[in-house]
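Chains as they are written, first to last, in our numbering: chain F, 30 to 249; chain U, 88 to 552; chain D, 2 to 255.
Calculated directly from the structure, the hints in this document are not laboratory data.
Any given hint might turn out to be false.
Using C-beta positions, here's what the derived DEER-type ranges look like [said to hold, decoys possible]: (1) F:Arg80 <-> U:Met528: 54 to 64 Å; (2) F:Pro128 <-> U:Asn177: 51 to 61 Å; (3) U:Asp228 <-> F:Thr232: 14 to 24 Å.
What you are looking at is a predicted structure, and each value in this text was computed from that prediction instead of being measured.
Every residue gets a Cβ at the ideal spot worked out from N, C-alpha and C, and that includes glycine.
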Amino acid sequence: MNEARNAILARLKKLTKTSHIKNTQFSSRPNQPLNTKQTYKLLIEKLEENRAEVHQVDNKNWTDTLVQIALEKKLKTWLIGKNLSQIEQAGKALTVASPEISLVHYSQDYEYLKKTLFHNVDASITCAKAAIAETGTLVLIPDQNEPRMMSLTPPVHVVLLKACDILNSFQQLVDNPPWSKQTMPSNIVFISSPSKTADIQQTLAYGAHGPKTLIVLILN
Amino acid sequence: MSSNFSTRIKQALADPQLRSNFRGAMDFLRNKRQLAFSDEDEWETLKKQGAAIRQDAIQHLPELLMQLEQQCLNNGIQVHWAQDGEEANNIVLSIAQQHQAKLVIKGKSMATEEIELNDFLGRHNIECIESDMGEYIVQLDNEKPSHIIMPAIHKNTAQITELFEKKLGISTPEGDVDALIGVGRTILRKKFEQAEIGISGVNFAIADSGTLCLVENEGNGRLSTTAPPVHIALMGIEKVIPNIQALPTLQKLLTRSATGQHITSYLNLISSPRKPDELDGPKEVHLILLDNGRAKISQDQELQSTLSCIRCGACMNHCPVYTRIGGHAYGSTYPGPIGQILTPQLKGLEQEGELLDACSLNGACGEACPVDIDLPELIRTLRHRRQATDTKTLSLESFVWFIWFKIHQHPRLYQFMTRLAALFRSLKLKAPENWSKTRTMPKPAKLSLHQQMKTRSKSKSGGEK
Amino acid sequence: MSDAPHKKQVYLFGTCLIDMFYPQAGLDAIALLELSGYEVIYPQAQTCCGQPPYNSGFKQPALKIAKQTIQLFSTKDIPLIVPSASCAGMIKHHYPKIFTQNSQEAEQAKQLAQRTFELIDFIADKLPYNQQPLHPPIKITLHESCSALREMNVANTWRHVLNKLNHIEVVYPENRQECCGFGGTFSVKSDAISAVMTQDKCQNLLNTGGKYILSGDCGCLMNIGEHLKFEGKKDPCLHLASFLVEYFGLSHEQ
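Using the sequences provided together with the hints, build the complete structure.
Printed below as a string of structure tokens:
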């Protein structure tokens, strides 16, 4: 295999320049620097355009909204992460609201929770680290507290986002990312809508493999 | 054109269902793209940036690939290099055998189609199932994808309903797309749970952080690269980009060009396998860097821009030929304009050069390309290369152009021939029967422009001859 | 010469299609150029721009003809007018590329390219729009050729010129930017595909109900016209130059 590597690199080095890569300056949309209010509005507009359900909440009432969603949509088994006080708060509120509601803590290796994750979870709630208004995108950084599958297997996925974490553009995010440049997170997921496909005669259908419903709670 | 290619073309043209399916699909995709790029200034800006990023990357491939490798290794991603499809397939096989894998689930990857991975694994008794809905449908029907973004674009809802009934024994109500998707979801969910290996492609690989970027709408890509304990990513060596700053531009160009979306449902950035304190994600991540002819292309100044391609499919969506003959007629992994350019370079001009004939050089492809590849110029260049390496120097076409040249080189001979043609009102073009199947022959004018200009200048005093 | 000593001059490259099949379009081009105040020089030694072999992959014959053509039109440093977007494109965009970079031929080609113009684009701002004769209203269909849309980027100019004409309604076919299927040798080498494209284009053009089908490219007009005749229909195709000559009531020398 070293042989393959050497052969390929040798083939590549014959004519290529040895000068350094140009540092191309990238601009976002040349116009419109949006203010906070406009950014906020744009995010909601884009999310709703792409079939996400958006609720504007505040620190006091957000768990009430969550409970309301759970009861209305009859979501009984909730998958939540660990070590996050806000999420613990949410979990408590849910179980208090109805005896039918139970929690699954993602606190074991995936291998042990597989069946549950795929078959027995109605909804999950995770936190977003940031959001991008120009495309209506939530930025999640799965980690030991909120593993990757949380935003993938449940049919309903609820995302908690702080309004102050909303950015204008993708370019803005990568120029000043909410993660360490030195050690990249193992996974970063950008979510902009429920799972969908138009593979059958270009007809849009939701819930292909990922969550069918995406709900965003924006914390003011 | 070989009789095989010609036959496939004629079959496609004679198939009203295929014609209608493709017409509808291409019109739909073009309109969506048009809406996404309605701001002309933004389109021009993004396109220039995207072209620069891609050209720059292609001109720095060795250093970028080495940096990518180093960063991936630092992150715990294992890196393999494959000179061709056979090596790549064997790498996948050896990883599969190490894990005694019997079931492989695939996200979407045109590179794996290029190396015919599914068939290879099948020959080694490893089931390789497609999880992208379009790919799954196509696999079910024992076909190859007919489009690089929407693999089942050649089928309509009725045909897919019938296919599910026939192959799965599952009936769904007529025209019910949601039901069909539901069937796929249920069946494939089990596979995500069971598969020992997940295989994906890579849309872009970030060199300075060792990060694999994947875009998708369905979620199958994320599931394929998260659920199984082993993830193998296969990537053409040209897909590397220098840093994450380049990603927003390329993402915008890719998704808007492909489906008219400003962003797909998911953009997934993978930088390492499951870390020690993490609970999920694959325990092993492998990146296979595939050459298979790309390094050679990178060395060719005239054809190098082939590698800028970000596989968006816009060229084929805008191609009036592809719209009418569909993807399968090309008989190659990559159809449409990019296929006509890539396939002869990967597989040989002699075998695949005929693909170049299915092009009127109308330029719609080049106009739509989000990274400004001059596709018509590449087709023309490849035609020149084909002719230059043509061993059949006494071919009919060579002879025709030789005669053409002799006539047009000598003005008086040319004018004589023109007069002769006018006299006999017959056409000196090659193979007139191909023209006259659907058109009448144009009649040469009684007096050519040359003749009329001669008369005109004689009646004036002076004037050049 | 009895012409005014400072009359501006231009070369005309008639193109082989116009020379052999549509000479009237060439004469009409000259009429329009003269109307715009130019003396037109038509070197008799001109033959073809070389695009047919060039596009087919036969670079050498094309290169030799290109060299010849460049020499012919380089005696004077005056504009070269081409009544075909496709041939104009060949001279303007491909001649500089066909020769070895930085060679003398390449430099000459670049020089020629800089002063090469598609006909309608050249005269667009020079027509007497404020002296338009009266006309009964007429609907005409514009076929924007691929070369006009893309390579030469003059399709907008064609539209603007027509939009400036009184009593003209300009209509466009569905899928107006789609190729008519000519593509030069494509029409015979990939005849099956070309036939279908041509059929579709003709149908879309007819559906507009225009009295004439206008374009600045005789290749397209020939493709469309001969197909319509094959279908037993009238040939309503006319070069933009010929339409404009008729519209402005110009007479031309026989």
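Hint check:
1. The hinted window of 54 to 64 Å between Arg80 of chain F and Met528 of chain U holds, with their beta carbons roughly 58 Å apart.
2. For the hinted restraint 51 to 61 Å between Pro128 of chain F and Asn177 of chain U, the CB-CB distance of approximately 57 Å keeps it satisfied.
3. Distance hint check: the CB atoms of Asp228 of chain U and Thr232 of chain F are about 19 Å apart, consistent with the given range 14 to 24 Å.
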